[in-house]
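Colleague: Read top to bottom, the protein sequences are chains W and E. Per this note's numbering, the very first residue in the first sequence carries number -9; after that it's consecutive. Per this note's numbering, the very first residue in the second sequence carries number 166; after that it's consecutive.
I should point out that these hints are in silico values taken from the structure, not numbers from a laboratory. Using N, Cα and C, we set each Cβ at its ideal position, and we do this for glycine too. Keep in mind that the hints are not guaranteed to be accurate.
[To be verified] The calculated label-pair distances, taken between Cβ atoms and stated as ranges, are:
| no. | chain 1 | residue 1 | chain 2 | residue 2 | range |
| --- | --- | --- | --- | --- | --- |
| 1 | E | 188 | W | 251 | 14 to 22 Å |
| 2 | W | 140 | E | 310 | 21 to 29 Å |
| 3 | W | 325 | E | 291 | 26 to 34 Å |
| 4 | E | 186 | W | 325 | 18 to 26 Å |
| 5 | E | 312 | W | 99 | 23 to 31 Å |
[Unchecked claim] Derived SDA-like pairs (lysine to any residue); straight-line CA-CA distance at most 25 Å:
| no. | chain 1 | residue 1 | chain 2 | residue 2 |
| --- | --- | --- | --- | --- |
| 6 | W | 198 | W | 81 |
| 7 | W | 467 | E | 312 |
| 8 | E | 283 | W | 487 |
| 9 | E | 195 | W | 487 |
| 10 | E | 312 | W | 140 |
| 11 | E | 195 | W | 371 |
| 12 | W | 399 | E | 282 |
| 13 | W | 139 | E | 251 |
| 14 | E | 244 | W | 251 |
| 15 | E | 251 | W | 259 |
| 16 | E | 195 | W | 402 |
| 17 | E | 251 | W | 252 |
| 18 | E | 199 | W | 462 |
| 19 | E | 195 | W | 259 |
| 20 | E | 312 | W | 40 |
| 21 | W | 139 | E | 310 |
| 22 | E | 312 | W | 79 |
| 23 | W | 402 | E | 279 |
| 24 | E | 195 | W | 30 |
| 25 | E | 195 | W | 462 |
| 26 | E | 321 | W | 371 |
| 27 | W | 307 | E | 268 |
| 28 | E | 199 | W | 290 |
| 29 | E | 312 | W | 307 |
| 30 | E | 321 | W | 347 |
| 31 | E | 195 | W | 271 |
| 32 | E | 312 | W | 30 |
| 33 | E | 321 | W | 81 |
| 34 | E | 199 | W | 371 |
[As the list claims (entries may be wrong)] To be clear about the criterion: a stretch of chain W counts as covered by chain E if any three or more of its residues have a C-beta under 8 Å from a C-beta of chain E, and this derived list gives those stretches:
| no. | segment |
| --- | --- |
| 35 | 16 to 28 |
| 36 | 300 to 307 |
| 37 | 493 to 506 |
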Amino acid sequence: MPRINSATELQALRKGLLSKRDPNKPCVAVCAGTGCLGPGSDNVISAFEREVEKHALKGKVDMRATGCHGFCETGPNVVIYPEEICYTRVRVEDVPEIVSQTVIGKKVIDRLVYTDPHTGEKSVHQSEIPFYKKQMRHLIGNNSKIDPKSLDDYLALGGYSALSRALFEMSPEQVLEEIKKANLRGRGGGGFPAGLKWETARNAPGEKKYVIVNGHEGEPGAFMDRALFTGNPHSVLEGLIIGAYAIGAHEGFIYTRHDSAQLRNNIAIALAQAEQYGLLGENILGSGFNFNVEVHLDVGIFVSGESSALMRSIEGKAPEPRPKYIRTSVSGIWERPSNLNNVETWANVPQIISKGYAWYTRIGTEGSKGTKLISLSGNIVNTGVVEVPMGTTLREIVYDIGGGIPNGKKLKAVHFGGPMGGSIPASLLDTPLDFDALAKLGAPIGAGGMFVMDEDTNMVEVARFFLNFLTNESCGKCVPCREGIRQMLKILTQISEGKGREGDIELLEELCEVAGAASLCALGKTASGPVLSTLGYFREEYEANIREKKRPA
Amino acid sequence: MNGVNEVNGVKGKVRTGAMDNDRIDRIIDKYQGKPSSVIQLLMEIQHENHWLAREVLVKVSKRLEVPLSEVLHIVTFYKTFSLIPKGRHEIHVCTGTSCHARGGQRVLDRVQDLIGIKPGETSSDLKFSLEAGNCCSLGPEIVIDGKHHGRIEPDKVEDVLKDYH
């Protein structure tokens, strides 16, 4: 493939790709996301390949191993194009029938179609399944339409037109202005306005600047970033290059998980292809803008997702956070201005540049714009990756999309924000998904892990579970975090083992206050989240545990 | 010499268990001996060899001119690195929030019963190493050598494990 040297050549290439594609050609898209690999989607993919071969359909039917479709609960998921027939829980034994009946015969196989467990209603197409119906899948929706290893697939869907627009029709200042007006807030945890961060890095003194993708996603119960990054790596990369142009950076880093070979491979392939096409490297698209990317991998500790720790890790040092009197956007990697955004934040950038801030700000609430990816898990009927417009109520997410609580149980609480987040009771379920509204309730959105708990859940045990995680992940550099969390955990363990004493609750509150005020980084500062929120909303449970010396069942 | 000490008088050719000098040199060469690549490089050795012998650390420290104390700081900080030999098969049982809620602990108990080791340990015949942690979206799940076995029930564990020798 020759390099693309101008915006016109990119357009011509896209036109050429589209003209060669027959929209009526059958295509079998099998989800190869982590949720579907567990129940064996890799075997389903090989079975399809064998079957296509057997029927001498090679070249007449396309096969696509895609990223996560979202509905992990019903995996392995298969979509047959062009009719977009959606089959769930597909087994290897079903494949011959699917090829002969649906791919060739154009007939729907009733037993493989999604059936609503409540109403018994069947949904042939993805868009009719209740799980997908209320979603707005701007970021994750393309996952089933592209092969993550194919830049051509991404280009055919209009990929890199935002980059071309930014480079040839906009100045870096205009790009920055667009992101600021869109009020894009960071999806990694803090919800800090991305435009302001970019501006700080842009204005910070120094020739060399860096942009970084935080793809660490270390919190338990969060799996949306890897679903997006594995399934559509170019959408993140395109956002990163646009950001680099706006900030004036010529080097970037991707920091991501080491434990998914698929994620690593797809990123490596995406970078190599982008470079080959002239979308990365020297003189991008003939614009004169240069930008290179290096991949760094986390080697298994939660705190290395914290911005200053992550940057230490990229320098090749142990990832201990530092106090942030000076922001990393001013002094980060090797003390140079370094702008770090999360995977999902970067993936939002291309659509804002393509469609404009006015389009973007129409989605969402006053203070939280756009859509948000949510990892929905726990005691919920439909586990999976969900994308909804900001402002959707938690009730809609739990009941309309999530299908409610399994086994006829009642909802007790919803936990947001991972191990440093908080739990809110079922009575607050009409709260909208909004950075500020949820933070006010003590359950900040965080990165978007939403954990649902039924009536059998012991909230003291929930707090203990998260603190147990955090005590193992504390880097140990500062005392309030290292010792504070350990002492909190000790008290929580005693309470949940029926050995709680009068005064334990007050002591816990005091420890929370000190660790929150005196710790170095967000891990220690917000480690008290699960304790304070459960104490706030479920205090009587703590009291009962202590009073009645309750022991876990 | 950059704070690097000779350990156990090891010089020149080092003993590295399953990994020979050439392979380590090749990995170090790949990163052009850049001190900032120490984490990536150690990880690659860990992936290939399943553990990091002291001699390997000394060699990395020398070639990259990174003090051994710093190398040790890194390898003891990150959980992925192992300073003791690991088994041929790495079993990872998910005990994250979702699996926790769906009975991940019972799966872990069953695995422990069957292979007789706890998380963080390696069986004496070096067949299995066991880890517990967060890994998935659809639990309970166990991952063996990178292969996911999702929606697993405690009584199915034995069936899965018997395929690994």
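Colleague: State for each hint whether it applies.
Modeller: Here's how the hints hold up against the structure:
1. At about 20 Å, the CB distance of residue 188 of chain E to residue 251 of chain W agrees with the hint of 14 to 22 Å.
2. One distance hint, 21 to 29 Å for the beta-carbon pair residue 140 of chain W and residue 310 of chain E, holds here, with the actual separation near 28 Å.
3. Take residue 325 of chain W and residue 291 of chain E: their Cβ atoms lie about 45 Å apart, and the range 26 to 34 Å is violated.
4. Judged by the Cβ atoms, the range 18 to 26 Å given for residue 186 of chain E and residue 325 of chain W is violated: they are separated by roughly 36 Å.
5. Evaluation of the 23 to 31 Å hint for residue 312 of chain E and residue 99 of chain W yields a pass: the beta carbon distance comes to about 28 Å.
6. Of the pairs offered as hints, the one joining residue 198 of chain W and residue 81 of chain W is violated, with about 52 Å between alpha carbons and a cut-off of 25 Å exceeded.
7. Taking the CA atoms of residue 467 of chain W and residue 312 of chain E, the gap is near 35 Å; set against the 25 Å cutoff, the hint is violated.
8. Our distance criterion of 25 Å between C-alpha atoms is met by residue 283 of chain E and residue 487 of chain W, whose separation comes to about 22 Å.
9. Restraint check for residue 195 of chain E and residue 487 of chain W: not satisfied, since their Cα atoms lie roughly 52 Å apart, outside the 25 Å limit.
10. Pair hint residue 312 of chain E plus residue 140 of chain W holds up; C-alpha atoms about 24 Å apart against a cutoff of 25 Å.
11. Distance check on the hinted pair: residue 195 of chain E and residue 371 of chain W sit about 48 Å apart at the alpha-carbon level, beyond 25 Å; violated.
12. Distance check on the hinted pair: residue 399 of chain W and residue 282 of chain E sit about 35 Å apart at the alpha-carbon level, beyond 25 Å; violated.
13. Our distance criterion of 25 Å between C-alpha atoms is broken by residue 139 of chain W and residue 251 of chain E, whose separation comes to about 33 Å.
14. With a C-alpha separation of about 18 Å, the suggested pairing of residue 244 of chain E with residue 251 of chain W holds against the 25 Å cut-off.
15. Between the alpha carbons of residue 251 of chain E and residue 259 of chain W the distance comes to roughly 30 Å, so the proposed pair goes past 25 Å and is violated.
16. Taking the CA atoms of residue 195 of chain E and residue 402 of chain W, the gap is about 53 Å. The hint is violated against a cut of 25 Å.
17. Among the hinted pairs, residue 251 of chain E with residue 252 of chain W is consistent with the structure: their alpha-carbon atoms are about 23 Å apart, no more than 25 Å.
18. A C-alpha spacing of about 31 Å is found between residue 199 of chain E and residue 462 of chain W, which places the hinted pair above 25 Å, so the restraint is violated.
19. Taking the CA atoms of residue 195 of chain E and residue 259 of chain W, the gap is about 19 Å. The hint holds against a cut of 25 Å.
20. This hinted pair checks out: residue 312 of chain E and residue 40 of chain W have alpha carbons roughly 21 Å apart, not beyond 25 Å.
21. With a CA separation close to 23 Å, the supplied pair residue 139 of chain W and residue 310 of chain E stays within the 25 Å bound.
22. Our distance criterion of 25 Å between C-alpha atoms is met by residue 312 of chain E and residue 79 of chain W, whose separation comes to about 18 Å.
23. Only pairs whose Cα atoms come within 25 Å are accepted, and residue 402 of chain W paired with residue 279 of chain E is rejected, the gap being roughly 35 Å.
24. The straight-line distance between the Cα atoms of residue 195 of chain E and residue 30 of chain W is roughly 35 Å, outside the 25 Å bound, and the hint therefore fails.
25. With a C-alpha separation of about 33 Å, the suggested pairing of residue 195 of chain E with residue 462 of chain W is violated against the 25 Å cut-off.
26. For the hint pairing residue 321 of chain E with residue 371 of chain W, the CA-to-CA distance comes to about 22 Å; that is within 25 Å, so the pair holds.
27. Restraint check for residue 307 of chain W and residue 268 of chain E: the C-alpha separation of about 38 Å exceeds 25 Å, so the hint is violated.
28. Pair hint residue 199 of chain E plus residue 290 of chain W holds up; C-alpha atoms about 22 Å apart against a cutoff of 25 Å.
29. For a cut-off of 25 Å, the pair hint linking residue 312 of chain E to residue 307 of chain W is broken: about 31 Å separates their Cα positions.
30. With a C-alpha separation of about 52 Å, the suggested pair residue 321 of chain E and residue 347 of chain W falls outside the 25 Å cut-off, and the hint is violated.
31. At most 25 Å may separate the alpha-carbon atoms for a hinted pair to count; residue 195 of chain E and residue 271 of chain W meet this at roughly 21 Å.
32. Between the alpha carbons of residue 312 of chain E and residue 30 of chain W the distance comes to roughly 9 Å, so the proposed pair stays at or under 25 Å and holds.
33. About 18 Å separates the Cα atoms of residue 321 of chain E and residue 81 of chain W, which keeps this hinted pair within 25 Å; it holds.
34. Distance restraint check for residue 199 of chain E and residue 371 of chain W: the Cα-Cα separation of roughly 50 Å exceeds the 25 Å cut-off, and the hinted pair is therefore not satisfied.
35. Residues of the segment 16 to 28 of chain W lying with their CB closer than 8 Å to a CB of chain E number 4, which satisfies the three-residue condition for coverage.
36. Interface restraint, the segment 300 to 307 of chain W with chain E: holds (5 residues with C-beta to C-beta distance below 8 Å; minimum three).
37. Coverage of the segment 493 to 506 of chain W by chain E is violated. Counting CB-CB distances below 8 Å, 0 residues qualify, and the rule asks for three or more.
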